[in-house]
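A.B. asks: Dock chains H and Z against chain V, hints included.
Chains as they are written, first to last, in the working numbering: chain V, 1 to 365; chain H, 1 to 91; chain Z, 1 to 172.
Please note that a few of the clues may not be correct.
Simulated restraints, written as ranges between beta carbons of each label pair [what the hints assert, rightly or not]:
(1) H:I8 <-> V:E73: 55 to 63 angstroms
(2) Z:K126 <-> V:D226: 39 to 47 angstroms
(3) H:E6 <-> Z:T98: 41 to 49 angstroms
(4) H:G28 <-> V:A36: 38 to 46 angstroms
No more than 25 angstroms apart at the CA atoms, straight line, and that leaves these computed lysine-lysine pairs for BS3-like [unchecked claim]:
(5) Z:K137 <-> Z:K72
(6) Z:K166 <-> V:K150
(7) Z:K126 <-> V:K150
(8) Z:K114 <-> Z:K137
(9) Z:K2 <-> V:K237
(10) Z:K126 <-> Z:K114
(11) Z:K114 <-> Z:K140
(12) Z:K114 <-> Z:K72
(13) V:K237 <-> Z:K6
(14) Z:K137 <-> V:K151
(15) Z:K166 <-> V:K237
(16) Z:K114 <-> V:K237
(17) Z:K114 <-> V:K151
If you want the footprint, here are the derived chain V segments under chain H, 3+ residues with CB under 8 angstroms [to be verified]:
(18) 76-87
(19) 255-264
Derived from the structure by calculation, the hints contain no laboratory data.
Ideal placement from N, C-alpha and C gives every residue a C-beta, glycine not left out.
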Amino acid sequence: MKMTQVAVIGAGPAGLAAAIEVARAGGLVTVIDENARPGGQLFKQIHKFFGSREHRAGVRGFHIGEQLLAETERLGVEVLLDSPVYALFPDRTVGYVHGGREIFLKAEKIVIAAGAAENPLAFPGSTLPGVMGAGAAQTMINVHRVLPGKKVLMIGSGNVGLIVAYQLMQAGADVAALIEAATQIGGYGVHAAKIRRAGVPIHLSHTVKRALGKDHVESVEIVALDSHWQPVAGSEKILGVDTVCVAVGLTPLTELAWLMGCEFAFVPGLGGHVPKHDLNMETTVPGVFIAGDISGVEEASTAMEEGRLAGTACAEALGLLDGQKALELKTVIRERMNALRTGPFGEGRRRAKECLIGLSLEGQA
Amino acid sequence: MAENRETIYICRCEEVTREEIEQAIRDGATTIAGVKKRTHAGMGLCQGRTCRKLIANMLACSRDPANILPSTFRPPVRTVRIDEIAQGDEE
Amino acid sequence: MKSGIKYTGIPSEEELRASPGAPSRERLEQGPVAFIECVQDIPCNPCEEACPFGAITVGEPITNLPELHGDKCTGCGVCIAQCPGLAIFKVHLHYTETTSLVEFPYEYYPLPRKGDRVPCGDRQGKYVADGRVVSVKNAKAHDGTAVVGVEVPKACYLEVRTICRKEWSRHG
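Isolated chain V (complex conformation) (with noise of 0.2 angstroms):
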């Protein structure tokens, strides 16, 4: 059986961050992610991040990755690709597979930064091909440098669904339409402003009714939606597309959290049931911390920050980093993530947040 100090599940922006921090203080620790490359959900990312300077605002979503790799490197952090976590043991024994066998690594500490899922949406042609999430879309377009379609709908007003229509015609496909069922556009306006001057529309509460084809999407029929959220009869349109995505929302991927006994709290907010975390990203499971989407479905810049608590707590845990030192550089980074946290978007995120701390706190007294 292999030892570390702490084993960090998921090498996207949260576990990197977390590792880097382990490592800064002497910590030993192994990051473990399924896919081929680190890095996470940043390679796709590929307009300039919102912030300030701290934040690395400006700077490529890609290049931040790359900015995060090199430093995991420089520390010697060991990151194993490949490898698919398919258990968590009480003991704090990570399983994992790799290279045709499962491979077991015991840790004093560990960090689940498993990300989050894109949500489905079922409608009748909902599995012809051509229907896919727009996070799919944009690892096409921008990872693997393939066009998804020429013509394309997109559901869903957030942030995901407005980069992800921009990015798509970047890459060369015209997108004939962005629907939202709710009243207002969810996403920051300036993401909004940068496809409505492409000349996409946004409409407002439409719903897709149908996908049309035979063995693809041909063509697709959306409605409009009263304020009862009820199709409006005579309102349909017939768009000719080829393909349909879907950015309705991503959901925490808590499997590992659940099978180590963690406590949860539904927050719909975050994304539904999240693990309860403290202020240092730890959950009601001693030595077990989260960070990123999976403690609630934030941003790259907020689960970064949350992946430095949870790196720089776990190091304090274990005796790498004195209290106060500690405490000087959880100081800092909270700042960081709170500035994050602010405005009428991050408002209620921020709320939510202290709903989820409060409770596993109420837990502990």
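C.D. replies: Quick look at chains H and Z alone, frame taken from chain V:
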């Protein structure tokens, strides 16, 4: 069931339709596990990753979503081949 | 249909008028100036650091809207490519007797070339007028965000914000 243009698949791995899930709920299923036992939804290759959320949404029409928990997770929680984990850790 | 960025994806006239990032009419009369179309309190401030003249301030908290100080803005346009939201433009109202110059960020291929005649569009991508490309800036520091300057009839300086890509590729 007859396939037509209106058929909605909730669990695509096991080809379970929306109607079949609705029937399971009418038959008394109140949890994701209850739906799974009646219809096989969530027992396919992806182990419910896609349909879990959809079924939770359907159950939420009559129950508080806070009480709709995923069915119990057991290893393996990832798609792995049985021979991979049957061999054991040789290190 | 309700107007405003939350409903249309386009900042409304009222939103722009109330925004501290839009230059005054008087300032527009005086020469080239940045035109910041950022009307939502999002946590973001690279524009503040981008301006070498201190003409854009965000301050604390970083969700403040960027404020344009027209007296300090030289109309250099350095801020345009630094805005992650592609929400900063430059307007030179009296470029010539009859034309204005509008600069906007542009992240599509192919890039236009200096001298090209291009169909110019408004905030919803609708054709407004033909324009002549007078500059295409794509320095390394832009990191892929080109800044295109087009000379357009004076009447449409407040409208033109992009190139109509589809029409351009059809007729280009």
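A.B. asks: Hint by hint, note whether the structure agrees.
C.D. replies: Verification of the supplied hints:
1. Checked against the hint of 55 to 63 angstroms, the C-beta distance between I8 (chain H) and E73 (chain V) comes to roughly 47 angstroms, which is inconsistent with it.
2. For K126 (chain Z) and D226 (chain V), the Cβ-Cβ distance of about 29 angstroms falls outside the hinted range of 39 to 47 angstroms, so the restraint is violated.
3. Taking the beta carbon of each, E6 (chain H) and T98 (chain Z) are about 60 angstroms apart, not inside 41 to 49 angstroms as hinted.
4. Checked against the given bound of 38 to 46 angstroms, the beta carbons of G28 (chain H) and A36 (chain V), roughly 45 angstroms apart, stay inside it.
5. Pair hint K137 (chain Z) plus K72 (chain Z) holds up; C-alpha atoms about 22 angstroms apart against a cutoff of 25 angstroms.
6. About 14 angstroms separates the Cα atoms of K166 (chain Z) and K150 (chain V), which keeps this hinted pair within 25 angstroms; it holds.
7. At roughly 21 angstroms between alpha-carbon atoms, K126 (chain Z) and K150 (chain V) fall within 25 angstroms of each other, so this suggested pair holds.
8. For the hint linking K114 (chain Z) to K137 (chain Z), the alpha-carbon distance of about 10 angstroms falls within 25 angstroms, and the restraint holds.
9. With a C-alpha separation of about 21 angstroms, the suggested pairing of K2 (chain Z) with K237 (chain V) holds against the 25 angstroms cut-off.
10. Taking the CA atoms of K126 (chain Z) and K114 (chain Z), the gap is about 22 angstroms. The hint holds against a cut of 25 angstroms.
11. For the proposed pair K114 (chain Z) and K140 (chain Z), the alpha carbon gap of about 18 angstroms is at most 25 angstroms, so the pair holds.
12. Restraint check: the Cα-Cα separation between K114 (chain Z) and K72 (chain Z) comes to about 29 angstroms, which exceeds 25 angstroms; the hinted pair is violated.
13. Of the pairs offered as hints, the one joining K237 (chain V) and K6 (chain Z) holds, with about 23 angstroms between alpha carbons and a cut-off of 25 angstroms not exceeded.
14. At roughly 30 angstroms between alpha-carbon atoms, K137 (chain Z) and K151 (chain V) are farther apart than 25 angstroms, so this suggested pair is violated.
15. With a C-alpha separation of about 23 angstroms, the suggested pairing of K166 (chain Z) with K237 (chain V) holds against the 25 angstroms cut-off.
16. Proximity of K114 (chain Z) to K237 (chain V) is assessed by CA-CA distance (about 41 angstroms); at most 25 angstroms being required, the pair is judged violated.
17. The hinted pair formed by K114 (chain Z) and K151 (chain V) fails the criterion: a straight-line CA distance of about 30 angstroms is larger than 25 angstroms.
18. Coverage of the stretch 76-87 of chain V by chain H holds in this model, with 4 residues showing a Cβ closer than 8 angstroms to a Cβ of that chain against a need of three.
19. Using a Cβ-Cβ cut-off of 8 angstroms, 5 residues of the stretch 255-264 of chain V lie near chain H, which meets the minimum of three, so the contact claim holds.
When held up to the earlier numbered hints, the structure conflicts with 1, 2, 3, 12, 14, 16, 17 and fits the remainder.
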